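2 protein chains.
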Amino acid sequence: MTKLSTDNRQHKAKLKTKNNNPKSTIRNPKSKKSMSRIYIEDLSKHVGEEVAIHGWLYNKRSSGKIRFLVVRDGTGVLQCVMVKQNLSEEIFNTFDALTQESSFSVTGKVKAEPRSPGGFEMEVSDVKIIHVAKEYPITPKEHGVEYLIDIRHLWLRSSRQHAIMRVRHEIIRAIREFFDNRGFLLMDAPIFTPAACEGTSTLFATDYFDLGKAYLTQSGQLYGEAGAMAFGKVYVFGPTFRAEKSKTRRHLTEFWMVEPEVAFNDLNDNMELAEEFLEHIVQSVLKNRQTELKTLERNTTFLEKVKKPLPKISYEEAVDILRKKGNAFEYGNDFGAADETIISGEFDQPLIVHRYPTEVKAFYMKRDPQNPKLALAMDVLAPEGYGEIIGGSQREDDYDALLSRIKEHNLPQEAFEWYLDLRRYGSVPHAGFGLGVERTVSWICGLEHVRETIPFPRMIYRLTP
Amino acid sequence: MTKLSTDNRQHKAKLKTKNNNPKSTIRNPKSKKSMSRIYIEDLSKHVGEEVAIHGWLYNKRSSGKIRFLVVRDGTGVLQCVMVKQNLSEEIFNTFDALTQESSFSVTGKVKAEPRSPGGFEMEVSDVKIIHVAKEYPITPKEHGVEYLIDIRHLWLRSSRQHAIMRVRHEIIRAIREFFDNRGFLLMDAPIFTPAACEGTSTLFATDYFDLGKAYLTQSGQLYGEAGAMAFGKVYVFGPTFRAEKSKTRRHLTEFWMVEPEVAFNDLNDNMELAEEFLEHIVQSVLKNRQTELKTLERNTTFLEKVKKPLPKISYEEAVDILRKKGNAFEYGNDFGAADETIISGEFDQPLIVHRYPTEVKAFYMKRDPQNPKLALAMDVLAPEGYGEIIGGSQREDDYDALLSRIKEHNLPQEAFEWYLDLRRYGSVPHAGFGLGVERTVSWICGLEHVRETIPFPRMIYRLTP
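Respectively, the protein sequence lines represent chains A and B.
Here numbering that gives the first Met the number 0 is used: the first residue of the first sequence is 0, the next is one more, and so on.
Here numbering that gives the first Met the number 0 is used: the first residue of the second sequence is 0, the next is one more, and so on.
Please keep in mind that the hints were generated in silico from the structure rather than gathered at the bench.
Any given hint could be a false lead.
What the hints assert, rightly or not - Simulated coverage check for chain B against chain A, where a stretch passes if three residues somewhere in it have a Cβ under 8 Å from a Cβ of chain A:
hint : stretch
1    : 123 to 133
2    : 179 to 190
3    : 216 to 227
4    : 249 to 256
5    : 291 to 305
Bear in mind the structure is a predicted one, so any value in this text is a computation, not a measurement.
Where a beta carbon is used, it is the ideal one built from N, C-alpha and C, also for glycine.
I would like the entire structure built from these sequences, with the hints used as guidance.
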């Protein structure tokens, strides 16, 4: 690179002829090569070049003859240096007009600057204001979370929310990559389901033309099983809905779940798949989202340990841990959030707990041939108190056993005839699990509440914006 | 490879010692290396090896001392050859017991066989029946589509449905790849929305605790706009819902839509993005799903032409085409399906139609500064009569203009305050579009009806299975 003073002379010479209107730059970003508009994420390819950045004012500060505009364009932030002697008064004074989150186009030469957050700086040669923002409702002072969720559409512009959303995206990308690379077929299960299979109390219902009520899916698993019989290995991935009146920090009414289902897999295969899956997700985030984890001040010690094999204990062994810790847990109950924290606290990796009493698990789970009081179920508990992130099982593949289970649970047999068909026509052992995306984001980002893990959270008391 | 006779002798020698139980093979697929269970898609890596395939009977035929089992395992089909003199009577007779869709494990040596559909064959050394299927309701004879949709969970096992679902998966994979590689942030928009923004007639509603009604989203675009202001470039991708009482071959009540939204893009940028996007999707399918397109007997002549630049005409020019064709189309109306077929019939590529009269387009579209009676809208019409697959526009970025549009349309201003905020705090030009996944699958696969493009279609008269 040439020296600063030389650069400045070049800028001045150019300024006389260009006076580019930001509108025309926007409409024809490729019209002048030297002035091409780029994203901050691509700065490293343009060091020494004169480029334009379109974005919003993130911050500004002044020290007399030098002023600094920090612009964010959604892909990063960049400090832009305005030197008074190099700029016309009109351009230099745009600094005063720009309020927080005002939109503008800034042009200048890109410099490598190791001391800057992103590693680059811009020597400003021109600034065009696009829109001056009204007084922005989010200031550097502390705001309450309820206030921030009320303006979630603006809160998403903050660096912390950026980091969370980018980790969320990476988790979803890694999930799909994992299954796509292993030949799993993506099978979108229906959102509208016909029967209130497990009672209506936790289901959202809607009128469905002349067909009565439709219920919003709580899980695509049953459809995934049909898919596994057709395609061998599938994954269902979409939003699911729970009308539970839960106000805990782990509950959303609308959340995303991925559910692989594999023909010929047994419980052991299922646990192995879950181990490899979790390792892939966590290691992908560690590899590709270090900057974001740093922004979130996430201690990654435990995340780095998410590698196959993960510890595996039976429900019975988990009960023993609770009792040794002085907990009066009764064998046969399901674990609550507090129990899960105690159990998983004994391990520094995600913990697989398998073989639960049938009473606390769903009707479709296969029973352990060694002990029919146990279901061939498995849950994965995240470390650091984040609780269950995966629930799964080997499925009942015997027609008669499944039918009697449906009757025992007083489920409407007619609604399950199609599901029973999977046991009539070439039934095979099969297994699968579901991973909740938002709880996984919460764990990997180290968040206290799942409400920050999705762009627009929906909770029992929250339906806006 | 050694000769067949030698191979057979080796098989016999091995048979004496193995007698492997399929259950134990399933539970420990890796216990005996030579007997490892593989998927049909991986056969090419195992030529000459003794392997096990777990699957379902797709077809069988006999010619005396040689019998053929065609097994499908979800990843492909394989012809397995049973030679009487090489097998025990018990094993040879499993042929008779296996009915269509019965599940079994078949072991044998993999041979390259260019005359076989997948390029391989298996010399059977063992067969273990897992489950004998009842009489399968789908036979080679022609069935009506209504009958087949009633048993959609079984219909998905047929080769034609396999091909469609694999093309669907590839389209979705290519969509995500396109945006991920260009630095777009995935932004999952909420399914539950608070206000019936455009009237309740085409919205599904559900009771939402103490907050009144929630409505199922028809589009994530408005949320995508908030995302574009935060992240620069985003894509929303999820299921959307329309309660329209439409029974056409293009309508589902539940369908998947991808909606990119980009800050600082104008209508031209938007059209360019759509062109590159469609090229990427179609060329990815042509590259990675040739086998499936052949199964579907798809003539790919038109698909091969989907490359940038695509033809672009204005609404006015489209009206001229209709009139030249003798159609009494009235300027100012929206195009119907028949009109779209006539217009797009003049082109052998997807056609972009831009600048529609404002009356037929949504309130949030920006007006053309050259002619305020026109909206800066764009639709993409697929060739071969498949109609609209993309709809998009530049958005209104001026606060006052948007507010007066909301009032003109008698929309509840309060519900749009958050959306107006995007024009209060650093408004910028921006544009985006939505692509319907099912219509795209229908077009690329050359299907007559969208009901085959999704695993479990939902229509006005169809909520099961």
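Status of the hints after comparison with the structure:
1. 123 to 133: n = 4 at 8 Å, threshold three: holds.
2. 179 to 190: With 9 residues in contact (Cβ-Cβ under 8 Å with chain A), the coverage given for the stretch 179 to 190 of chain B holds.
3. 216 to 227: holds (count 4)
4. 249 to 256: Per the Cβ count (3), the hint holds.
5. 291 to 305: That given contact is violated, which follows from only 0 residues of the stretch 291 to 305 of chain B lying within Cβ reach (below 8 Å) of chain A.
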